[in-house]
Each structure stands twice: as C-alpha cells, then as structure tokens.
Amino acid sequence: MNFAKGGLGWIEVVCGPMFSGKSEELIRRLRRAEIARQRVQIFKPGIDQRYADDHIVSHSEVKIRSTNVKNAADVMERLDLRTEIIGIDEAQFLGMELVETVVKLADMGKRVIIAGLDTDYLGRPFHPMPELLAVADEITKTLAICVQCGNPAKHTQRLVASEDLIVVGAAGMYEARCRRCFEPELASVKTRSEVKQTAAV
Numbered sequence: 000m001n002f003a004k005g006g007l008g009w010i011e012v013v014c015g016p017m018f019s020g021k022s023e024e025l026i027r028r029l030r031r032a033e034i035a036r037q038r039v040q041i042f043k044p045g046i047d048q049r050y051a052d053d054h055i056v057s058h059s060e061v062k063i064r065s066t067n068v069k070n071a072a073d074v075m076e077r078l079d080l081r082t083e084i085i086g087i088d089e090a091q092f093l094g095m096e097l098v099e100t101v102v103k104l105a106d107m108g109k110r111v112i113i114a115g116l117d118t119d120y121l122g123r124p125f126h127p128m129p130e131l132l133a134v135a136d137e138i139t140k141t142l143a144i145c146v147q148c149g150n151p152a153k154h155t156q157r158l159v160a161s162e163d164l165i166v167v168g169a170a171g172m173y174e175a176r177c178r179r180c181f182e183p184e185l186a187s188v189k190t191r192s193e194v195k196q197t198a199a200v
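Per numbering that gives the first Met the number 0: the sequence shown = residues 0 to 200.
You may find that some hints are simply not true.
Label-pair distances were calculated between CB atoms; the ranges are [claimed, not checked]:
(1) Ala-72 / Pro-151: 32 to 40 Å
(2) Gln-37 / Val-146: 34 to 42 Å
(3) Arg-27 / Asp-136: 12 to 20 Å
(4) Gly-6 / Arg-31: 12 to 20 Å
(5) Val-134 / Ala-160: 32 to 40 Å
(6) Arg-123 / Ile-34: 33 to 41 Å
In short, the hints are calculated from the structure, not lab data. Owing to the predicted nature of the structure, the values given are computational and were not obtained by experimental measurement. Even glycine gets a Cβ: it sits at the ideal position worked out from N, Cα and C.
Taking the hints into account, I'd like the entire structure generated from these sequences.
Put into structure tokens, the structure is as follows:
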C-alpha cells in the first residue's frame, strides 16, 4: 500500500465481484488506520441492510461500525472536518455525484478508501465505479472463486428473476462465476420462462 502522507490526499479503490473479499479488505485497511490512531469515518448506502444496519459486514462476518447515507451529498453533510480517513462501502449504489465528492475529499487532504462492484449482473461497467477507478491513486482488483468450476471469478452471477439494475442480496441470490461459466442473460431468461408458465396457467 503506497498511500500518501502529510495531508496530500489519496484515493484507493477496491473493486471486483461479489464474494471476492472487497469489504473485508476495506475493513482491514480501516482497522489499521484506527490502530494508528487516525480519525476514521465509515459510510455505507442505507439500502444495504443485508447483515446489519449500523455496520459494514463482510460475507465472512468481519464487521466494522458505519454510518448509513443516501447519496454522496449525505457523505459531505455527515463529514467531520477533523476526519483523516474516509471509508465507503458498496460505492456503486451512491450515484455519479460520488466521483466529484471523492475528488473533493482527496483535495482536502483526506485518504479515501472505496469498495464496490465494478460490473453489474450483465457484466457491464457499474457506474460510478469506472469513473472512480479513473480518478483513483491506487486500485486493487479482487477475484472470487467460480462456484461452477473453481477458476478465478470476475463476474457476479444473478440467480433470481429480475432485470432491475439494483437488487440487494447475498448468497442464494448471487454467486461468483468465471468468464467461461458466466451467464449474463440468466435473470432475464428466468423472467421470460416464468411469464410463459403464468400464461399457460
């Protein structure tokens, strides 16, 4: 890790599919900052209620206390100016305004650590993550394990019938897949199949 010192400002992005350890890596870095007695604030989107309301919780149940926010503006409103390190989980849910906010925080001399999905359930770039990657000083790409074949997995496979971009869920609704095993149209195929079954009844 090569983050800057002396109040220069620094943006770190941890990205990858679900079940790849993004939140765990975010928590690890934030814990180290706390051990170093730095002032830390941690935010996550309010819509993410999978494990806890007031904590970021990894799939392996590692957790750290956090504050819920609705959007990027909410991050700025809740910011304590004395804060040195800012952690943001599930950044893909906070909108395009997050890019400008993160750059502003770095320009203020803050170290900003962000975790989020870089692609959606169809394998497309999940905004604003591509834009955050473009302004980042340091990028970490995490990989999961494909549940179908055991190869390194870069995709998040949606297993439920929904074509909505945002469907918050965990195991049972999503799984990690490699490039070969990824089926981007699975959710829409299931939807069409269910429509046919309903029509037949």
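Hints breached by this structure: none
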